[in-house]
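Construct the complete structure from the given sequences, taking the supplied hints into account.
Protein chains in written order, with my numbering: chain Z, 1 to 244; chain H, 245 to 499.
Every clue listed holds true.
Partner residues aside, some chain Z positions facing chain H, computed with beta carbon under 7 Å: (1) 21; (2) 22; (3) 29; (4) 34; (5) 50; (6) 60; (7) 65; (8) 89; (9) 161; (10) 172; (11) 194; (12) 196; (13) 226.
What follows is a list of derived Cβ distance ranges for each label pair: (14) Z:7 with H:422: 43 to 51 Å; (15) H:249 with Z:169: 46 to 54 Å; (16) H:250 with Z:217: 39 to 47 Å; (17) H:408 with Z:157: 31 to 39 Å; (18) Z:27 with H:274: 44 to 52 Å; (19) H:278 with Z:7: 29 to 37 Å; (20) Z:124 with H:274: 37 to 45 Å; (21) Z:85 with H:322: 54 to 62 Å; (22) H:374 with Z:85: 33 to 41 Å; (23) H:422 with Z:130: 42 to 50 Å.
A short list of chain Z residues far from chain H (calculated; beta carbon distances all over 10 Å): (24) 4; (25) 109; (26) 121; (27) 123; (28) 124; (29) 134; (30) 156; (31) 212; (32) 214; (33) 215; (34) 239.
FYI, nobody ran anything at the bench for these hints, they're computed from the structure. Remember, it's a predicted structure, so these values are computed and weren't measured experimentally. Beta carbons are placed, not taken as given, at the ideal position from N, Cα and C, and that holds for glycine.
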Amino acid sequence: MPRGLEAFARALLGSARDLLPIAVVVVFFQWVVLGQPIPHWERILAGSVLVVLGLTFFIQGLEMGLFPLGESMAYAFAQKGSLAWLLAFAFALGFGTTVAEPALIAVAGEAALVAAHGGVIPDTEAARAEYALGLRLTVALSVGAAIVVGVLRIVKGWSLPALIVGGYLLVVAMTAVAPPEIIGIAYDSGGVTTSTITVPLVTALGVGLASSIQGRNPVTDGFGLIALASLTPMIFVMAYGMFF
Amino acid sequence: MEYLERLTHMGLATLRDVVPIALVIFVFQLAVLRRPIPNLGRVLLGFAYVLVGLTLFLLGLEEALFPLGRAMAQQLTDPVFIGTLAGDGAPRWQDYYWVYLFAAAIGFSTTIAEPSLIAVALKASEVSGGAISVWGLRVAVGVGVAVGIALGTFRIVTGTPLHAYIIAGYVVVVIQTLFAPRMIVPLAYDSGGVTTSTVTVPLVTALGLGLASTVPGRSPLLDGFGLIAFASLFPMMTVMGYAQLSAWRARRNAR
Numbered sequence: 001m002p003r004g005l006e007a008f009a010r011a012l013l014g015s016a017r018d019l020l021p022i023a024v025v026v027v028f029f030q031w032v033v034l035g036q037p038i039p040h041w042e043r044i045l046a047g048s049v050l051v052v053l054g055l056t057f058f059i060q061g062l063e064m065g066l067f068p069l070g071e072s073m074a075y076a077f078a079q080k081g082s083l084a085w086l087l088a089f090a091f092a093l094g095f096g097t098t099v100a101e102p103a104l105i106a107v108a109g110e111a112a113l114v115a116a117h118g119g120v121i122p123d124t125e126a127a128r129a130e131y132a133l134g135l136r137l138t139v140a141l142s143v144g145a146a147i148v149v150g151v152l153r154i155v156k157g158w159s160l161p162a163l164i165v166g167g168y169l170l171v172v173a174m175t176a177v178a179p180p181e182i183i184g185i186a187y188d189s190g191g192v193t194t195s196t197i198t199v200p201l202v203t204a205l206g207v208g209l210a211s212s213i214q215g216r217n218p219v220t221d222g223f224g225l226i227a228l229a230s231l232t233p234m235i236f237v238m239a240y241g242m243f244f
Numbered sequence: 245m246e247y248l249e250r251l252t253h254m255g256l257a258t259l260r261d262v263v264p265i266a267l268v269i270f271v272f273q274l275a276v277l278r279r280p281i282p283n284l285g286r287v288l289l290g291f292a293y294v295l296v297g298l299t300l301f302l303l304g305l306e307e308a309l310f311p312l313g314r315a316m317a318q319q320l321t322d323p324v325f326i327g328t329l330a331g332d333g334a335p336r337w338q339d340y341y342w343v344y345l346f347a348a349a350i351g352f353s354t355t356i357a358e359p360s361l362i363a364v365a366l367k368a369s370e371v372s373g374g375a376i377s378v379w380g381l382r383v384a385v386g387v388g389v390a391v392g393i394a395l396g397t398f399r400i401v402t403g404t405p406l407h408a409y410i411i412a413g414y415v416v417v418v419i420q421t422l423f424a425p426r427m428i429v430p431l432a433y434d435s436g437g438v439t440t441s442t443v444t445v446p447l448v449t450a451l452g453l454g455l456a457s458t459v460p461g462r463s464p465l466l467d468g469f470g471l472i473a474f475a476s477l478f479p480m481m482t483v484m485g486y487a488q489l490s491a492w493r494a495r496r497n498a499r
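Next up, the structure:
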């Protein structure tokens with residue numbers, strides 16, 4: 001037990017070190033640049049303790065739960081040998097984790113406001129809600145599609161740079177014709193789709209697949225799913241802005 | 245009591261994040277794969293840790309970091325602080341140097357603490373047999389986010405078009421892809437997407453919106469967005485650049 005305790009203490013120290021830069025930046029700007037005392041410092045100290053504890057538990061849980069689970073499922077699918085089921089799983093994972101993502105719900109709400117403001121949709125509660133829901137479904141679909149393409153890439157051994165560069169060219173071309181109000185939101189929606197729980201799971205899935213399929217290298221073939229999941233929302237959201 | 249209420253609220257929010265994932269895994273494991281999950285007890289405990297950890301992490305951020313960070317973003321972008329009220333009203337981009345510095349510093353430090361980046365860095369180090377170090381990757385990504393967000397705030401101040409920067413950035417990424425060591429390319433692409441989740445987004449959004457609403461002639465709706473896109477673009481460049489630098493140094497030492 002003391003050994004477990006020691007490991008926990010070490011993990012806590014590691015998390016504290018991870019968060020130290022934020023503390024330094026905040027204190028420097030507050031004291032030196034703005035010349036003000038830290039308000040409610042005892043509340044902030046208590047919050048920081050929670051953050052350190054939380055990060056420690058999260059990383060522990062990652063190694064115990066999310067990583068092994070993602071990998072064991074990748075191995076199981078590779079053994080089963082059914083590509084269709086693997087792709088169905090990939091789509092469900094991408095769609096399911098994105099549609100409920102809080103950051104996306106926030107961005108979709110703001111995008112609806114922008115659209116109503118620009119006169120694209122009528123400025124009513126119902127129209128905005130409908131627009132926001134449409135946008136959320138669009139992004140969730142795009143992430144599902146991205147994971148499917150990414151898994152296919154790992155299985156078939158396609159080149160990732162070709163896919164990504166091709167996708168970016170499409171983004172550039174669409175930027176020229178999409179309505180200007182949607183562009184900022186489309187670019188940002190690529191970044192907000194991948195949540196803290198999705199990333200480790202999807203990474204473990206990709207790496208697990210790449211290491212269980214013969215001729216694939218986990219380093220060069222295992223990564224790339226997140227990249228695709230950040231690219232496709234831009235394309236889908238601009239398309240949504242063009243057609244609705 | 246209020247604390248407890250927020251704890252439950254945050255816990256429920258995290259749970260809502262986890263439920264769809266658990267559901268998908270459960271259905272496929274039982275209906276399609278039809279085999280038990282190895283070490284089920286340990287995996288479930290791990291899931292519980294992730295839930296508890298994320299809840300405490302987000303609650304702590306809400307308590308400690310976000311109010312202060314938002315207040316600071318507002319104060320730093322305040323025309324009184326910038327000193328533009330005294331002049332003829334048209335601010336010069338040079339006046340905003342503290343904003344750029346704050347953007348870079350907060351971008352770097354929040355990226356170092358980003359849980360999803362830690363996850364990807366751990367995995368990358370594991371599968372590369374240590375060739376890609378956890379800290380090397382995290383610092384490279386952190387520098388990328390710092391440069392990206394600083395440039396993003398500069399864009400808001402100057403009002404130059406977003407897509408010009410992003411497209412130019414993609415061109416650089418494409419050129420780097422041709423020359424960077426092959427091993428790093430997928431990882432570099434991935435690090436663009438992982439940088440911006442729990443910690444970075446709320447602070448950076450506050451900074452962008454604060455800036456867009458105080459700089460004359462900017463609209464928060466049109467100019468407030470786009471910082472996240474910068475934060476996802478530049479890490480690709482710095483991660484590939486870091487790999488190129490290491491490869492170049494290794495070649496030089498070999499001679």
